[in-house]
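Peer 1: Taken in order, these protein sequences are the chains called L and U. If you're matching positions, the first sequence starts at 1 in the working numbering and goes up one per residue. If you're matching positions, the second sequence starts at 1 in the working numbering and goes up one per residue.
Keep in mind that the hints were calculated from the coordinates and are not lab data. Some hints here could point you the wrong way.
[Said to hold, decoys possible] Examples of chain L residues toward chain U, derived with CB under 8 Å: (1) MET26; (2) LEU35; (3) LEU53; (4) LEU195; (5) ILE198.
[Stated by the list, open to error] Taking lysine-lysine and the BS3-like style, the derived pairs with C-alpha atoms no more than 27 Å apart in a straight line are: (6) U/LYS10 to L/LYS122; (7) U/LYS53 to L/LYS206; (8) U/LYS10 to L/LYS37; (9) L/LYS38 to U/LYS24.
[What the hints assert, rightly or not] Computed from the model, here is a short list of chain L residues facing chain U with C-beta under 7 Å: (10) THR11; (11) SER25; (12) VAL109; (13) ALA117; (14) SER194.
We treat Cβ as the ideally placed atom computed from N, Cα and C, and that holds for glycine.
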Amino acid sequence: MTLAEIFILLTASAIIQASFQLSVSMVTVMSGHALGKKTSLTRLSRMVAAFTLGVMTMTALCVSLFALILTNVFPETPILLWSILSGLMVGIGLAVWFFYYRYRTSGTVLWIPRPLATYLTKRSRATSMAPEAFALGTTSVVGEIVFNGVTSLFAAVLLTHLAPPQQLVGLLLYVVVATLPLFLIVLHISGGGSLARIQRWRERNKRFLQFAAGSALIILGVYVYVETVLTPLASGAQV
Amino acid sequence: MTHRGSVVIKLHDEIAQSEAFEAKRLADSIEAACLSVGLAHGLAEDTAKHAVKAVELWLVDRPEVTSDDIRRIATRALTIVSPEAAYLYKHHHTML
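Between the sequences and the hints, there should be enough to build the whole structure, so can you do that?
Peer 2: Dropping the structure here:
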């Protein structure tokens, strides 16, 4: 794989992670409740920024951890790992298509089990300080690890093919792109924008986001399979 | 005849629980929705009072209602003043 290919795939993977909605849902609930409790805009902006920083930190930690494990276990990425990864991407892509949003519900009700959703909602509402918001941000990444785990793992595999300075640039690129929706929300809220507009947009476009994320994962999985499994095998490589 | 004594039926995990209607609680949650969309404090308070009044009027002669009924009537009253606050009030429990 060329350097350009790696960075393009890294960006694609980050865009897929950016379309997952648990963090956005939690920051919307947190902000709505904080404003309802007459929290000042400055304080709320600080909380939302801390939440975003928490998401960035946990995303970077997940990708780095996967990369560290991969580097130590596989000095060179075996074809078997690529095929497992592409299978996972197609499987998770299908799961996004069918399960990401709950059917027959209004709003943006996600796939997560209801007791966990109730707990996360309660925690989001109880958050009133920046450090709490930071912790909540880290939790939101862990809470959706079933879906974003595969994109993080793929990013980690790609990073292991880069030189150390390029790895840092790649990691930074991945984290920034994956948290882009949260940056936009920080800007919107800091500018005094309405939360109802964010939520309405999310509700109107939820099926499109679901279809796009699922399709992108499936396409990426098929591409990875052809590029890293079929092509080397056709040229006589061993599994 | 008055709304006082109206019982609100709530569904928790498909188990029905009943409780007395509390105007203050309703006003607080409507006010919070108004503040969430950036309405000024005074306006949010007035809007909440107006919506609660509409619900109380609707409750006259209705001894037993569901929490969904209350939400629907409050949303209807709120939509006239602030459609955005009404939207958030209606959907705040379906965001996650």
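Peer 1: Against this structure, judge whether each hint is valid.
Peer 2: Hint by hint, here is what the structure shows:
{"no.": "1", "hint": "MET26", "result": "holds (7 Å)"}
{"no.": "2", "hint": "LEU35", "result": "holds (4 Å)"}
{"no.": "3", "hint": "LEU53", "result": "violated (21 Å)"}
{"no.": "4", "hint": "LEU195", "result": "holds (5 Å)"}
{"no.": "5", "hint": "ILE198", "result": "violated (10 Å)"}
{"no.": "6", "hint": "U/LYS10 to L/LYS122", "result": "holds (19 Å)"}
{"no.": "7", "hint": "U/LYS53 to L/LYS206", "result": "violated (35 Å)"}
{"no.": "8", "hint": "U/LYS10 to L/LYS37", "result": "holds (24 Å)"}
{"no.": "9", "hint": "L/LYS38 to U/LYS24", "result": "holds (17 Å)"}
{"no.": "10", "hint": "THR11", "result": "violated (28 Å)"}
{"no.": "11", "hint": "SER25", "result": "holds (4 Å)"}
{"no.": "12", "hint": "VAL109", "result": "holds (5 Å)"}
{"no.": "13", "hint": "ALA117", "result": "holds (5 Å)"}
{"no.": "14", "hint": "SER194", "result": "holds (5 Å)"}
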